[in-house]
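Chemist: Sequence:
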Amino acid sequence: MDWKIIGVGGVTVPKDFKEYRDAGADVVMSATGAMWNPYLAKEIKEAYPDA
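Per the numbering used here, the sequence shown runs over residues 1 to 51.
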């Protein structure tokens, strides 16, 4: 089986996203972080354009 790892929880700043990816997550999800900061996805893309 081809399993994917999804990192969920506590993603409120771009560094949190990077830590999940560095730990092996294929996908990272943020709900509350994006609610608090509607620009979070943009900030992550700017900080890690190759992610």
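If you're looking for bench data, these hints aren't it; they were derived computationally from the structure. It should be emphasised that the depicted structure is a prediction, and the values quoted were computed from it without experimental measurement. Ideal Cβ positions, reconstructed from N, Cα and C, are used throughout, including at glycine. Wrong hints could be hidden among the right ones.
Derived CB-CB ranges, DEER-like [said to hold, decoys possible]: (1) Lys-4 x Ala-41: 18 to 24 Å; (2) Trp-3 x Asn-37: 17 to 23 Å; (3) Ala-47 x Met-1: 21 to 27 Å; (4) Glu-43 x Lys-4: 30 to 36 Å; (5) Tyr-39 x Ile-6: 32 to 38 Å; (6) Lys-4 x Ala-47: 30 to 36 Å; (7) Met-1 x Met-29: 30 to 36 Å; (8) Asp-2 x Met-35: 14 to 20 Å; (9) Lys-4 x Ala-31: 17 to 23 Å; (10) Met-1 x Met-35: 32 to 38 Å.
Chemist: Take the hints in turn and mark each one as holding or not.
Modeler: Evaluated hints:
Checked against the hint of 18 to 24 Å, the pair Lys-4 and Ala-41 passes, with Cβ atoms roughly 19 Å apart. With their beta carbons about 30 Å apart, Trp-3 and Asn-37 fall outside the hinted range of 17 to 23 Å. Checked against the hint of 21 to 27 Å, the C-beta distance between Ala-47 and Met-1 comes to roughly 32 Å, which is inconsistent with it. One distance hint, 30 to 36 Å for the beta-carbon pair Glu-43 and Lys-4, is violated here, with the actual separation near 24 Å.
Remark: the range hint 32 to 38 Å for Tyr-39 to Ile-6 is contradicted by a beta-carbon distance near 22 Å. The hinted window of 30 to 36 Å between Lys-4 and Ala-47 is violated, with their beta carbons roughly 23 Å apart. Checked against the hint of 30 to 36 Å, the pair Met-1 and Met-29 fails, with Cβ atoms roughly 21 Å apart. For Asp-2 and Met-35, the Cβ-Cβ distance of about 31 Å falls outside the hinted range of 14 to 20 Å, so the restraint is violated.
Distance hint check for Lys-4 and Ala-31: the Cβ-Cβ separation is about 18 Å, which falls inside the suggested range of 17 to 23 Å. For Met-1 and Met-35, the hinted distance range of 32 to 38 Å is satisfied, since their beta carbons lie about 33 Å from each other.
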